Amino acid sequence: MSDKKQYLEHEHEAPDSWHRHSAEEGAPQVEHGAHINLFMLTVIFIIITAFLVVTVAGLIVYFDRHTTKLRQQEIENTILAEQESLPYRDQSQLALSGYAWSDQKAGKVHIPIEEAMKKVVQQYEHTTHGTR
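Numbered by our numbering, the letters in the sequence shown go through residues 1 to 132 in order.
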């Protein structure tokens, strides 16, 4: 292979009738895009930019309203949960931390959960050491 660069001459085909203009056509046509209409390009640019700005602003407004609506639903759900669950939670905590009759006829009593856990641990220690 040689480092010598060779160039081939481009062979042009003979122009056909489509490429040739006849005398009936009149003066040759001007090249398309040879003259730029700067005013029209500026108007189109402004229209496209305005459309883009309106579209982005519309999306911002839409998603802002959407997220506000979701936040309101979340707050409403939280408030409803607090109104319904907090009294139940407080009642349960009171039942777990105080003394009360479970079945007075059978002599069963609720004791505070901390005390019940201590008694279970003590019973477990006694059963593992063999003493009761």
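Hints were generated in silico from the structure; no laboratory data involved.
On a predicted model such as this, the values are computed, not experimentally measured, just so you know.
C-beta: ideal position from N, C-alpha, C; glycine also.
Among the hints, a few may not be true.
[As the list claims (entries may be wrong)] Now the in silico label distances, taken between C-beta atoms and shown as ranges:
{"no.": "1", "residue 1": "T55", "residue 2": "R89", "range": "43 to 51 Å"}
{"no.": "2", "residue 1": "H10", "residue 2": "N37", "range": "42 to 50 Å"}
{"no.": "3", "residue 1": "Q123", "residue 2": "Q91", "range": "24 to 32 Å"}
{"no.": "4", "residue 1": "F45", "residue 2": "R65", "range": "47 to 55 Å"}
{"no.": "5", "residue 1": "A100", "residue 2": "Q72", "range": "35 to 43 Å"}
{"no.": "6", "residue 1": "H12", "residue 2": "M40", "range": "51 to 59 Å"}
{"no.": "7", "residue 1": "E74", "residue 2": "I113", "range": "27 to 35 Å"}
{"no.": "8", "residue 1": "I60", "residue 2": "A116", "range": "52 to 60 Å"}
{"no.": "9", "residue 1": "N37", "residue 2": "A57", "range": "44 to 52 Å"}
{"no.": "10", "residue 1": "G107", "residue 2": "Q73", "range": "32 to 40 Å"}
{"no.": "11", "residue 1": "R20", "residue 2": "I44", "range": "32 to 40 Å"}
[What the hints assert, rightly or not] Here are the simulated PhoX-like cross-link-like pairs (lysine-lysine), alpha carbons at most 25 Å apart as the crow flies:
{"no.": "12", "residue 1": "K105", "residue 2": "K119"}
{"no.": "13", "residue 1": "K108", "residue 2": "K118"}
{"no.": "14", "residue 1": "K108", "residue 2": "K119"}
Checking each numbered hint in turn, tell me which of them this model violates, lowest number first. 2, 4, 6, 9 and 10
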